[in-house]
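*Asks:* Protein chains in written order, with the numbering used here: chain E, 1 to 565; chain D, 1001 to 1352.
Simulated from the structure, these hints should not be mistaken for laboratory data.
Treat the hints loosely; a few may be bogus.
Stated by the list, open to error - Rough simulated footprint, nothing fancy, chain D against chain E, three-plus residues with beta-carbon under 8 angstroms:
#1 392-399
#2 420-434
#3 473-481
To be verified - Computed list of lysine to aspartate or glutamate pairs in DMTMM-like fashion (alpha-carbon distance at most 25 angstroms, straight line):
#4 D:LYS1116 / E:GLU562
#5 D:LYS1125 / D:GLU1137
#6 D:LYS1073 / E:GLU305
None of the values given here were measured: they were computed from a predicted structure.
Ideal placement from N, C-alpha and C gives every residue a C-beta, glycine not left out.
Take a look at the letters that make up each chain.
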Amino acid sequence: MEEKYIKHKYEPIHPSKDEWPVVKLARERKEFVKKVADLSEDRILKLTGNNPDILKEELETTLYREKLRIKQNPWVVDPDDDGSFWSGVKSSLVQISTEAGRNKVKKFQEYKSVLNSITARYAEEIASNFKATHYKFTRSVVTYGFSRLLNAARVKGFKSIFSNQYTLQDKIQITGETDQLRDLATKGTVVMVPTHFSNLDSILIGWVISVLGLPPFIYGAGLNLFNISIFAYFMNSLGAYKVDRRKKNLMYLETLKTYSKEAIQFGCHSLFFPGGTRSRSGMIESKLKLGLLSTAIEAQRANFENGLDDISGKIFIVPVTINYHFVLEAPSLIRDHLSITGQERYYKENDEFSNSYKISKFLIKFFTKGSDISVSVGKAMDVLGNYVDVDGRSLDKHGRVINTRDYFISDGKVSVDNQREEEYTNMLGKRIVEEFHKINRVFNSHLVAFVAFEMIKKQNRKLDLFDLLRLPEEEISIPYGEFKASCHLVLDKINELKSQGLINTAPHLSLDMDEIIKRGMENVGMYHAKRPIIQDKKGDIGTDDMSLLYFYHNRLTGYGLEKLY
Amino acid sequence: MDSKNSTKPKYIGVIGVGSFGAAIANILAAKSPVMVYARKQEVVDEINASHSAQGKKLSENIIASNDPEQLCKSCDVLFFMVPSSGFQNVVRTFSPFLFPYHLIIHGTKGLCLNLKDGETLETVKKIRRSQILTMSEVILQETVAVRVGCLAGPNLSKELAQGQPAATVIASKYNEVILEGQSLLRSEKFQVYGNSDIIGVEISGVLKNIIAIASGALAGLGLGENAKGLLISRGMVEMIHLGNALGGSIKSVMGLAGIGDLVATCNSVHSRNFTVGFRLAKGESLDAILADMDEVAEGINTVRIIKAFLETADLRAPITENLYRVLFEDLEIEDALQFLMKYPFNVDVDFV
């Protein structure tokens, strides 16, 4: 292989698992859940302005929505007593409002106790069930399973099942600021924010974290994943807490945020997928879900309020991009994206798993070829998006050391100002997106997909996106010579951007252009039954699936490269 | 703020003692001790010795310094009141001493360019929005301060100095900046409104200067109130479209910083921008006018920047375009007026 990556063996930063924050948290689970419930109650009371009437209304709204959820959208994972609990809430509410002889203060007290029973239930439901033994087991299963698969695929013959020639690290390259990440994780609290393209990401990132010798990170995983008991086992053992997307009521959201904030303050390293969900379009997330991100800022402010001004109380944001040649779910993701953005202008065509021949072709490929994945770890930042130095001190644009605490100061004291923190969250979100673009690694497959799509678009200037995507695939053909010239043009621009630190590239992009194109075409969406890019007998470029080509092309939007066309 | 921390009283900082800076410093000084920054030692000495700056009377509650570090250390809140041409440099001078706890409010109605080294407006000719910086964007780019606001509205320095009633708007994304500015500035004679659309407010204040020059030109031609009414109304439409293209909301143009300031400036012989237009119409050349003005007419530079921006924006702005030709391409004002009268505006209001 001409691509040289340092295969590095990282020692665990905390050799003894008793020192893992997440283990400490698991030990104190009961107290922690109680604390989260009580703090959430306080938050909600503050939001309702301590007004019994508003509180009552919020309780009723929550009750109504929960009843509706139980009726219309029940899941296996829902506890058996869901129905009876909410019926209980209902009768308490009826009782409080109808029974005479209560004064206002008494009523308010009773509403508060109903509220607490709800936040306690939510907190219990959200909290993770981390067990260190399960974690270790899961980790070895994942590592073992993946490497078996790889070896079976790449070293021919029966014995290959037991071969150790290829390890996972041959296929998944971890690059970037790994040493800084390891170092800061021993000193402060890390919040990792990766891009999200595939359901594989959670498992992949979990593996990356353990390869880097870091203690497990806690992260929010969709409750739907817990429906499947084997998944639930894995998720729990990876330190996942549960996020139920069905519950959008104030009380649930506040409890969730409190959980995240308190866990960060507790010192648990956390992981958010800031895009909230997988990127449907294939673009790098540009609008982030800021809800959980705001908890990192809140936790940082709370640490300052509590006088934790040194590095032990500091929170570091670490952006991470995951780069694939191939996203398993790409066809359904892009279809979702197009039907949302195009509405009636986009109609679905029958899907690609249409016949067994195609499915078997897919399976054979999956087991005989590999697909490189790279994970780039970005520079750590403070919660305002300033880079930090080796000692975790924040630096301004001119390299001067500044104190993150100063951002929360007014009149000389650390103060709580929700509106201010909302703006800070927006700023942090923008910084993360900026960093994503900088550390994004361009693969040969991204390059060819981008060029092919832009050239087809140029050939059909008059068509808008949706007409373009409906263009009959047979009519699309780009002469190889032009295609190659165009690839050169885009790659030159990418290299120019790279020299300015605005993007990164994989080493294989320094190969000869014919080789880059050849490999790029092999790699792009390699397991899809319908290939995004094909080459005819004359060597000219075409496609089997415009939408997929669009999906892989999107990886390079946001850099102004379209302007070359 | 001064009363809360008795051991070390904090000053309110004002950077720049031009006519507007001096007027704001005086308003601030009614409530808090103020420290002003002037670059020249003799101005500092004059303020500290005789409480006046180049003929403008200053309150006794104001002291002066030419040390940026001293200002940054003594003040948590700073008002930047310098012309846009020097703004970037002044901010760079202060940048090493500013920290994230500083609140910065500026009162400059101009634009800066964000070009690469060696590029100038003459060489690039066309500019995109990302190459234009409002003053708050300059502050955010050059310093580590984030809690930034701006001050805009019909605030003619002469009238403020006489203590006539007036109002202003403080715009910031941060409520605390608006509240702080209000508590520092508000008085019986000075009303302070808040707005969260800082870009919209800054852009309104900037764009109105263009219309003010045109208004001066109409007055210089001896035209009457009908013409002025026409100009203000069409000028407002142009401001709205330009403001939108530059990232401001329509609402801000409708407010104090937009229409409020537009009406005040278009009627005022005190306004520098108005004066430029007036003298142009009387037949003086631009160079001659600029040569004997002691303070900057921001509108001139704004016209050049907006003209270059129009080259990349899918937008027509006939008043600005024609004013540009009058200022820099020797088009006669009468011809520009003729052109505008023939311009096919059909719809009165096309933005709501």
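*Asks:* For each hint, tell me whether it holds in the structure or not.
*Replies:* Now the hints, each set against the structure:
1. 392-399: Since three or more residues must qualify, the claim that chain D covers the stretch 392-399 of chain E holds, with 3 doing so at under 8 angstroms.
2. 420-434: Since 4 is at least three, the answer is holds.
3. 473-481: Violated, because only 0 residues of the stretch 473-481 of chain E bring their Cβ atoms closer than 8 angstroms to Cβ atoms of chain D.
4. D:LYS1116 / E:GLU562: holds, 22 angstroms
5. D:LYS1125 / D:GLU1137: Since the Cα atoms of LYS1125 of chain D and GLU1137 of chain D sit roughly 22 angstroms apart, the hinted pair holds (cutoff 25 angstroms).
6. D:LYS1073 / E:GLU305: holds, 23 angstroms
Violated hint for the displayed structure: number 3, the only one.
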